[in-house]
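Enquirer: Dock chain B against chain A, hints included.
So the protein sequences, as listed, match chains A and B. Residues 109 to 391 in the working numbering are what the first sequence lists, from first letter to last. Residues 154 to 458 in the working numbering are what the second sequence lists, from first letter to last.
Derived from the structure by calculation, the hints contain no laboratory data. By construction, the Cβ of each residue, glycine as well, lies at the ideal position given by its N, Cα and C atoms. Careful, some of the hints might be misleading.
Stated by the list, open to error - 25 Å max Cα-Cα, derived BS3-like pairs, lysine-lysine:
1. A/Lys264 - B/Lys396
2. B/Lys347 - B/Lys321
3. B/Lys356 - B/Lys243
4. A/Lys347 - B/Lys389
5. B/Lys412 - A/Lys264
Unchecked claim - From the derived model, a few chain A residues whose C-beta atoms are all more than 12 Å from chain B:
6. Glu194
7. Ser241
8. Asp285
9. Ala305
10. Glu333
11. Arg345
Claimed, not checked - Quick partial rundown of chain B residues pointing at chain A, CB under 10 Å, derived from the structure:
12. Lys208
13. Val210
14. Glu335
15. Arg349
16. Arg352
17. Glu384
18. Phe386
19. Ala391
20. Gly393
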Amino acid sequence: MNENKKIVWLASYPKSGNTWFRIFLTNLLNHTNEPADINNLYPSTIASSRSLFDEAIGLESSDLTLDEVELLRPQVYRYMAGTSNEVLYHKIHDAWISLPDGNTLVPEDVTKAVLYFIRNPLDVAISFAHHSSTTIDKAIGMMNDSHYAFCSRQTKLHNQTRQKLLSWSEHIASWVDQSGLPVLVMRYEDMITDTLAVFKDAMKFSGIEATDEKIRKSIEFSSFENIQKQEKEKGFREKATKSESFFRKGISGDWKNVLTSEQIDKIVSRHQKMMERFGYWPV
Amino acid sequence: MDVKITDYPYRYKAFNLDVFSGIPVAGLAQSDAQKPDIVITEGKTPVQLVNPLNKGVLFQSTEDEFLLSILKLGRIHVQNGNTITVERFKDTSWNEFSAFILGTVFGALLHQRRLLPLHGSAVIYKKKGLIFAGNSGAGKSTLAAAMIHKGARLLADDISLISFNGRKPQIVPAFPGMKIWEDSLKHLGRNPEKYRPIREDLKKYLYPVEKYHDQSIALGHIFVISSHNRETFEIKDAQGIEKFNTLKNNTYFFRGMNKTGILEKHFQMCNQLAQQVPVSHITRPNGSFRLDELVREITDKLLNS
Numbered sequence: 109m110n111e112n113k114k115i116v117w118l119a120s121y122p123k124s125g126n127t128w129f130r131i132f133l134t135n136l137l138n139h140t141n142e143p144a145d146i147n148n149l150y151p152s153t154i155a156s157s158r159s160l161f162d163e164a165i166g167l168e169s170s171d172l173t174l175d176e177v178e179l180l181r182p183q184v185y186r187y188m189a190g191t192s193n194e195v196l197y198h199k200i201h202d203a204w205i206s207l208p209d210g211n212t213l214v215p216e217d218v219t220k221a222v223l224y225f226i227r228n229p230l231d232v233a234i235s236f237a238h239h240s241s242t243t244i245d246k247a248i249g250m251m252n253d254s255h256y257a258f259c260s261r262q263t264k265l266h267n268q269t270r271q272k273l274l275s276w277s278e279h280i281a282s283w284v285d286q287s288g289l290p291v292l293v294m295r296y297e298d299m300i301t302d303t304l305a306v307f308k309d310a311m312k313f314s315g316i317e318a319t320d321e322k323i324r325k326s327i328e329f330s331s332f333e334n335i336q337k338q339e340k341e342k343g344f345r346e347k348a349t350k351s352e353s354f355f356r357k358g359i360s361g362d363w364k365n366v367l368t369s370e371q372i373d374k375i376v377s378r379h380q381k382m383m384e385r386f387g388y389w390p391v
Numbered sequence: 154m155d156v157k158i159t160d161y162p163y164r165y166k167a168f169n170l171d172v173f174s175g176i177p178v179a180g181l182a183q184s185d186a187q188k189p190d191i192v193i194t195e196g197k198t199p200v201q202l203v204n205p206l207n208k209g210v211l212f213q214s215t216e217d218e219f220l221l222s223i224l225k226l227g228r229i230h231v232q233n234g235n236t237i238t239v240e241r242f243k244d245t246s247w248n249e250f251s252a253f254i255l256g257t258v259f260g261a262l263l264h265q266r267r268l269l270p271l272h273g274s275a276v277i278y279k280k281k282g283l284i285f286a287g288n289s290g291a292g293k294s295t296l297a298a299a300m301i302h303k304g305a306r307l308l309a310d311d312i313s314l315i316s317f318n319g320r321k322p323q324i325v326p327a328f329p330g331m332k333i334w335e336d337s338l339k340h341l342g343r344n345p346e347k348y349r350p351i352r353e354d355l356k357k358y359l360y361p362v363e364k365y366h367d368q369s370i371a372l373g374h375i376f377v378i379s380s381h382n383r384e385t386f387e388i389k390d391a392q393g394i395e396k397f398n399t400l401k402n403n404t405y406f407f408r409g410m411n412k413t414g415i416l417e418k419h420f421q422m423c424n425q426l427a428q429q430v431p432v433s434h435i436t437r438p439n440g441s442f443r444l445d446e447l448v449r450e451i452t453d454k455l456l457n458s
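For reference, chain A alone in the conformation it holds in the complex (with noise of 0.2 Å):
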């Protein structure tokens, strides 16, 4: 094995369980007894955070355009592999793209796994909505748009890299089909209802040796009432400013309540056939 291979990715398209998953790795990472503090997550550091790519670099990326740090940031990731000791976790909400010098935005050579996480668009749309305090119709039109991209304005500094999401379709296709990496596809609905055998195989996965009872206990750590709980009590830093919470509901299905039959039509009508793929349509 490449002994670089030390990135385990927690992608997603956002809204898809990402947060909850790292809530609960950093449970099963920690040795204590008690629920371990969400503004205090262990893989913390997403894969685009501006700190961590000057860190690496070693100049103000804010001198650099956004196609600049782009080609640099496969570089980037070798280098974080190159100078660590352990496994690292990032969460990473950028599509799998290749990149105009031919290589990758995420590099084979320093990927140990990736940890793939897919929710119900339907679902998708009206937790989007929330976490961008927009209307559902707008999260909808995100989530259609193949040029979509998060810090993508170049006028200002944003405290993240750009990201370039592209559609809910592509993004998956991105990971799961074109980026030939180690993937395991982990869906949100499972993780509800099946959450013991889901995360055991995660962990199996990403090559993470721990006990059933360790798990288990993780689990309960970082179950949706535990954590929402923390957040009324503390706050979320990775809550958006404007939206009200960041665990919100955390349940699948909610779409059949919310959403009107044209907002069905115009994601069903984009993203039939993964969703066909993945289980979600038909209902």
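Expert: Coordinates of chain B only, in the frame set by chain A:
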């Protein structure tokens, strides 16, 4: 330094140092000095350093050498705290190098001179030297520009150099300009089209500041700016070891001198600073900038301290 003056058509002042340069550097003040502290020359640079102590994706450093590779633009080699060599690839415009020279390159050079550069912008406000430190994007430059609007004068943008000549730490003036993003310029009521971009393809502009103070001034207060996802402003004074750690963490380009002999002196300076100057953390809401309120938080704090 003894140099042939005709080789250096450009003479500047930066961080109270006289800079003789063979290439133009946008943003620096002119100088009429006859002898340089620093020379900038166009020339060949090494592809890599011998036995570097620190290595990042684009830089390498030893105690007295620093090498920066800037993508397809060129390379910059800094030696002994007084010599900067710029090698440009193909026909890169010299303008493209200015932002890097005013940033990381000067940061590395100041470390080589065993000085203390903090990552922050500095102003003099009501006779008090203030530093606004923080990560990239925290809003240091925008806040400094807003304070200037309120009657402050600029001392430094992005790199605030501290000197320990005399008994109290002082802020050394850097140069009379700031690097400001288009959105912030508009927020300050300025038309971006009137300013020169710091690089051809960036919407970040060189903003010349007339209200500039060109003398060192006693450092009165350090504010470390950050943001959170709440709607409130918070202000908290750093105490004890936290003060030292805050200064260490807000050192400009700390990475470049890690593992070198410079560290010991650096820690001594941080310690001295921690003992003599108040340090406060200000956390602002991270959505909209709410500049007026941030300025009020700072001025209220100064009134009450």
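Enquirer: Does each hint fit the structure? Answer for all of them.
Expert: Evaluation of the provided hints:
| no. | hint | in the structure |
| --- | --- | --- |
| 1 | A/Lys264 - B/Lys396 | violated (30 Å) |
| 2 | B/Lys347 - B/Lys321 | violated (40 Å) |
| 3 | B/Lys356 - B/Lys243 | holds (24 Å) |
| 4 | A/Lys347 - B/Lys389 | holds (22 Å) |
| 5 | B/Lys412 - A/Lys264 | violated (34 Å) |
| 6 | Glu194 | holds (20 Å) |
| 7 | Ser241 | violated (9 Å) |
| 8 | Asp285 | holds (30 Å) |
| 9 | Ala305 | holds (34 Å) |
| 10 | Glu333 | holds (22 Å) |
| 11 | Arg345 | violated (6 Å) |
| 12 | Lys208 | holds (8 Å) |
| 13 | Val210 | holds (5 Å) |
| 14 | Glu335 | holds (4 Å) |
| 15 | Arg349 | violated (14 Å) |
| 16 | Arg352 | holds (7 Å) |
| 17 | Glu384 | holds (7 Å) |
| 18 | Phe386 | violated (13 Å) |
| 19 | Ala391 | violated (20 Å) |
| 20 | Gly393 | violated (21 Å) |
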